[in-house]
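Read top to bottom, the protein sequences are chains A and B. So the first sequence is residues 1 to 567, counted in the working numbering. So the second sequence is residues 1001 to 1567, counted in the working numbering.
Think of the hints as simulated: they come from the structure by calculation, not from any bench. Check each hint, because a few of them may be wrong.
To be verified - For lysine to aspartate or glutamate, the following EDC-like pairs were computed, each having C-alpha atoms within a straight-line distance of at most 16 Å:
id : chain 1 : residue 1 : chain 2 : residue 2
1  : A       : K377      : B       : D1027
2  : B       : K1220     : B       : E1185
3  : A       : K10       : A       : E46
4  : A       : K221      : A       : E252
5  : A       : K486      : A       : E394
6  : A       : K537      : A       : D495
7  : A       : K377      : B       : E1185
8  : B       : K1377     : A       : E366
9  : A       : K39       : A       : D262
10 : B       : K1377     : A       : D262
11 : A       : K377      : A       : E366
12 : B       : K1010     : B       : E1046
2 protein chains.
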Amino acid sequence: MARGAVLETKFMKIGMAQINPTVGDFDGNCAQIVAAAKKAAVQGAELTVFSEMCLLGYPARDLLEKPAFLEAQDRAIERLRDELRGTPAVIGIVHRRGQGVGRGLFNSCAMIQDGKIIDVGHKSLLPTYDVFDEDRYFQSGSAPLVTTLQRRAGSRMTLGLSICEDCWNDKDFWAQRRYAFDPMEDLVRRGAEVLLNLSASPYSMEKHASKQSMLSAIAKKYERPLIYVNQVGGNDDLVFDGRSMAFNARGEVIACGPAFEDAVTVVDLRAPPVATELEKGHLAVEEEIRRALVLGTRDYARKCGFKSAVLGLSGGIDSAVVAVIAAEAFGPQNVTGVALPSRFNSPESLSDAKDLAQRLGIQFHEVAIEGPFTEIKNALSQVFAGRNEDVTEENMQARIRGVLLMAMSNKFGHLLLTTGNKSELATGYCTLYGDMCGGLAVISDVYKMMVYRLANHLNAMNPANPPIPQSSITKAPTAELRFNQKDQDSLPPYDMLDAILKEAIEHHVSADEIVKQGYDRAIVMKVLRMIDLNEYKRRQGAPGLKISPKAFGTGRRMPIAHRFREY
Amino acid sequence: MARGAVLETKFMKIGMAQINPTVGDFDGNCAQIVAAAKKAAVQGAELTVFSEMCLLGYPARDLLEKPAFLEAQDRAIERLRDELRGTPAVIGIVHRRGQGVGRGLFNSCAMIQDGKIIDVGHKSLLPTYDVFDEDRYFQSGSAPLVTTLQRRAGSRMTLGLSICEDCWNDKDFWAQRRYAFDPMEDLVRRGAEVLLNLSASPYSMEKHASKQSMLSAIAKKYERPLIYVNQVGGNDDLVFDGRSMAFNARGEVIACGPAFEDAVTVVDLRAPPVATELEKGHLAVEEEIRRALVLGTRDYARKCGFKSAVLGLSGGIDSAVVAVIAAEAFGPQNVTGVALPSRFNSPESLSDAKDLAQRLGIQFHEVAIEGPFTEIKNALSQVFAGRNEDVTEENMQARIRGVLLMAMSNKFGHLLLTTGNKSELATGYCTLYGDMCGGLAVISDVYKMMVYRLANHLNAMNPANPPIPQSSITKAPTAELRFNQKDQDSLPPYDMLDAILKEAIEHHVSADEIVKQGYDRAIVMKVLRMIDLNEYKRRQGAPGLKISPKAFGTGRRMPIAHRFREY
Chain A
1 MARGAVLETK
11 FMKIGMAQIN
21 PTVGDFDGNC
31 AQIVAAAKKA
41 AVQGAELTVF
51 SEMCLLGYPA
61 RDLLEKPAFL
71 EAQDRAIERL
81 RDELRGTPAV
91 IGIVHRRGQG
101 VGRGLFNSCA
111 MIQDGKIIDV
121 GHKSLLPTYD
131 VFDEDRYFQS
141 GSAPLVTTLQ
151 RRAGSRMTLG
161 LSICEDCWND
171 KDFWAQRRYA
181 FDPMEDLVRR
191 GAEVLLNLSA
201 SPYSMEKHAS
211 KQSMLSAIAK
221 KYERPLIYVN
231 QVGGNDDLVF
241 DGRSMAFNAR
251 GEVIACGPAF
261 EDAVTVVDLR
271 APPVATELEK
281 GHLAVEEEIR
291 RALVLGTRDY
301 ARKCGFKSAV
311 LGLSGGIDSA
321 VVAVIAAEAF
331 GPQNVTGVAL
341 PSRFNSPESL
351 SDAKDLAQRL
361 GIQFHEVAIE
371 GPFTEIKNAL
381 SQVFAGRNED
391 VTEENMQARI
401 RGVLLMAMSN
411 KFGHLLLTTG
421 NKSELATGYC
431 TLYGDMCGGL
441 AVISDVYKMM
451 VYRLANHLNA
461 MNPANPPIPQ
471 SSITKAPTAE
481 LRFNQKDQDS
491 LPPYDMLDAI
501 LKEAIEHHVS
511 ADEIVKQGYD
521 RAIVMKVLRM
531 IDLNEYKRRQ
541 GAPGLKISPK
551 AFGTGRRMPI
561 AHRFREY
Chain B
1001 MARGAVLETK
1011 FMKIGMAQIN
1021 PTVGDFDGNC
1031 AQIVAAAKKA
1041 AVQGAELTVF
1051 SEMCLLGYPA
1061 RDLLEKPAFL
1071 EAQDRAIERL
1081 RDELRGTPAV
1091 IGIVHRRGQG
1101 VGRGLFNSCA
1111 MIQDGKIIDV
1121 GHKSLLPTYD
1131 VFDEDRYFQS
1141 GSAPLVTTLQ
1151 RRAGSRMTLG
1161 LSICEDCWND
1171 KDFWAQRRYA
1181 FDPMEDLVRR
1191 GAEVLLNLSA
1201 SPYSMEKHAS
1211 KQSMLSAIAK
1221 KYERPLIYVN
1231 QVGGNDDLVF
1241 DGRSMAFNAR
1251 GEVIACGPAF
1261 EDAVTVVDLR
1271 APPVATELEK
1281 GHLAVEEEIR
1291 RALVLGTRDY
1301 ARKCGFKSAV
1311 LGLSGGIDSA
1321 VVAVIAAEAF
1331 GPQNVTGVAL
1341 PSRFNSPESL
1351 SDAKDLAQRL
1361 GIQFHEVAIE
1371 GPFTEIKNAL
1381 SQVFAGRNED
1391 VTEENMQARI
1401 RGVLLMAMSN
1411 KFGHLLLTTG
1421 NKSELATGYC
1431 TLYGDMCGGL
1441 AVISDVYKMM
1451 VYRLANHLNA
1461 MNPANPPIPQ
1471 SSITKAPTAE
1481 LRFNQKDQDS
1491 LPPYDMLDAI
1501 LKEAIEHHVS
1511 ADEIVKQGYD
1521 RAIVMKVLRM
1531 IDLNEYKRRQ
1541 GAPGLKISPK
1551 AFGTGRRMPI
1561 AHRFREY
């Protein structure tokens, strides 16, 4: 069929199954797949489409190099062939071609029908940038799969199967990588009546709008319905937002899955357009982030086997926001907040911390650090004889708090949550092995100004009983590691700081160009210097939930020992 | 010229310049390049060959995504064009093609002669496995460069230029990645008289022998002299060992650069074969590792700006070995060892630590942790009321030591060295934020059994004054975090443990297959479980010097939250 030929869309119901797999949990993932396929079939779906690598969980990373892992997957596929009898499905798998384990792998999709694997297609465009390492594991498929669904009525439907990046057909980018063809165009040229896309596309702020318009443009350009199914759930630092979408041949959204929840959504290809969440505009960025953080925290804990959490409460805004997220992710009864006051903490800090715990209904402890602080200084008194106090003693307090919180984590099996924000982590305004202690850094990808917006949003959600004390939001931010310390003694004002950080980190803008945007040269140089010099801290930071296009962690790989200086 | 046609090797002297670049230090790297080229020219070299990316330092990682970084390189190339006038050279650079910064990059080599860039060649085979991420940054060159050197005498020499992996022509591996051609064969087919290979090939145990035989086989197969120049020096976790080699057309080594030192070696292509270090057999694996660790430690410190180091001395073998390495890397006067005894430490531990410090001539402090330990427990007495002591209190001691050592690092600007070995890190027999604290993990890629071999080697090097007390080597290993604790209470015997770990980590061998090798199933399962469950600790570990084919760190990317279980 020639490209662009106008087709009349046939009637067919398709299930979009956005499940929340756990990496390597083949039993659990199989059970989810079978349950979703049955649920869709009950609603009349003739085919259920799942997300990329739904059987393994995405990303499986170097587990893909283990032969035993791949063999376990292959056994799971065998089981699915049987269990999906009567419910045709397209699932995301890894396909092995030829000998030599760990080589010859493809990121693939399998169409399963009537107890058979009808066909297997491979991803053509392998993302190898930011958090993605697909060239590390996979070979690139030379052509995406066009296959035929035998329908109950005896008719057929020709399907064009693509996987995630295959849709992101930025030709300029991919042409440079020697992919002269566009997988979607190729599918249409080869006769696909309906385009499917299995994705594991992690959330980042404001990505959904561009994704929707890109997918809509593809459907419209080729005049084909397009079904996009995205993974949901948190896996380490990545949070997948679901929000599967079906488009008609005019590029209009005709169905969509919920955001940050697993779901089975059945769509009739001839259904009328619906208003998507995006079009209704009711997912403000603060709400998107809130849901991403709650899901990411909940899933990290659940998939690692934690049922409860502990965190330090400073009385400030960062720990307050993390406490609210934790209370929702774990249930308030499973969260313990700990105030760890020193001589430098104001009475208001302690009362704000207590107040927060009460409002949230979480457990609360107060553990003073004066005793340990004095004893640590005593222990070092000979070694430090004749030296003035300096930042050493500030870090010491933060590290004593780390020891105390980790002791509570060890004793009770709580997951310790780190409460530092992205602005702090970027500038090193945080103590390694101190406030950086923890299994998960909940807001490490949230700039300080966005922490404020989140706090206000959390309070606005519940105006009768706002969870965060107003004074935690309004007071000047302080680490309280010496008398009268304020963040703004060491850092530029946060609105300016965040703007500079964003340019430098997310857009790789040079110092000169940031200065040209109107910022003070000395401040820009200071900020860039802080980013560079603190790489060593971030290298040892807890995994943090990614919500921005460029988070610290697996997607940003800077050397520590280098001398490239713009300052 | 047809492949395999026998050529008579012309007379020509070539300089092999294995320099030690610092990533992003364009001024310093340029200065090294110019000095090396001049030194080679004085010795009669008509051409000096450098290592891969010598101008930028390898690996530059995400600095390559910064336009300002690439522009700084381009300015450095301009400078080199002038400064290398009269000393023809082939240097490793990054080449940008077309628009769109961060895209269209090649891992390239430039031939510079008479103030001009004569030619630029691109790497064809981009490693994207283990510690390598080259597909993240680079496009693959479609054909390696054949170019002509205009010689002073008016004659010409046709050179075939390859970069690192281009030589590693394991066709089975690369054919799967759709590279149907072998770059070396291609160079010969297109007329190269001499083959050059610019490398940045990091050290790992016993890699050198296979590298030498592979390169020798290439020279012999194509009957062409082959000049291989490798980077030297430490960059974060990677240590490059130099050991450049020149082969004649019969595959015999005719010159080689030193191991783990920068050097300019000039070779006459008609020179007779020499006995290489390898052939003379005088670099035992323990000595290779010792040199790698000294260089890696020294360079990490130097390139980060540290002049001194501090480390905890337990009286055990791990910290003793690290102290010896540190004393050589920094000079004994710049190293401080600290004993941090508790009620659980034997008097022998303290006396062994003191003894070691005296033998090495490093500074020594003793800081007891009883006071802080008591106070930390007091602070938590209410929260822990009614609970028994457990591993929490063991970790607490390790973390208090971390606080004390980091305080000394902060106060005096010493780099804190972590002393944990690979067996501990693999099994989680270490405390996060405790003994894992530090800027560099010197022996984190050295299994315990190899730590013993290293200790004996270090003592054997100086039989009159062995640096490590014999009792540190012979006593049963213990963490001394409770009374009469021995490592072997929690872990299998180290010889068995290390063998299982190596199978699982370095070869991805499945549980069943390890058991088939003759190990007890329960022990294998326990070890595999420990490896998995402690991924979260390693994720926050200090960068460690890689000396094995598979180190924890940038080359091993396992998810934390997963449920793939073989046990």
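Structure-based check of each hint:
Distance check on the hinted pair: K377(A) and D1027(B) sit about 43 Å apart at the alpha-carbon level, beyond 16 Å; violated. The hinted pair formed by K1220(B) and E1185(B) meets the criterion: a straight-line CA distance of about 12 Å does not exceed 16 Å. Simply put, K10(A) and E46(A) have alpha-carbon atoms about 13 Å apart, close enough for the 16 Å limit, and the pair holds. Of the supplied pair hints, the one linking K221(A) and E252(A) holds, its CA atoms being roughly 12 Å apart against a limit of 16 Å.
For a cut-off of 16 Å, the pair hint linking K486(A) to E394(A) stands: about 13 Å separates their Cα positions. Between K537(A) and D495(A) the CA atoms are separated by roughly 23 Å; this puts the pair beyond 16 Å, and the hint is violated. Distance restraint check for K377(A) and E1185(B): the Cα-Cα separation of roughly 67 Å exceeds the 16 Å cut-off, and the hinted pair is therefore not satisfied. This hinted pair checks out: K1377(B) and E366(A) have alpha carbons roughly 14 Å apart, not beyond 16 Å.
Our distance criterion of 16 Å between C-alpha atoms is met by K39(A) and D262(A), whose separation comes to about 13 Å. Between the alpha carbons of K1377(B) and D262(A) the distance comes to roughly 44 Å, so the proposed pair goes past 16 Å and is violated. This hinted pair does not check out: K377(A) and E366(A) have alpha carbons roughly 22 Å apart, beyond 16 Å. Of the pairs offered as hints, the one joining K1010(B) and E1046(B) holds, with about 13 Å between alpha carbons and a cut-off of 16 Å not exceeded.
Checked against the numbered hints above, the structure violates hints 1, 6, 7, 10, 11; every other hint is satisfied.
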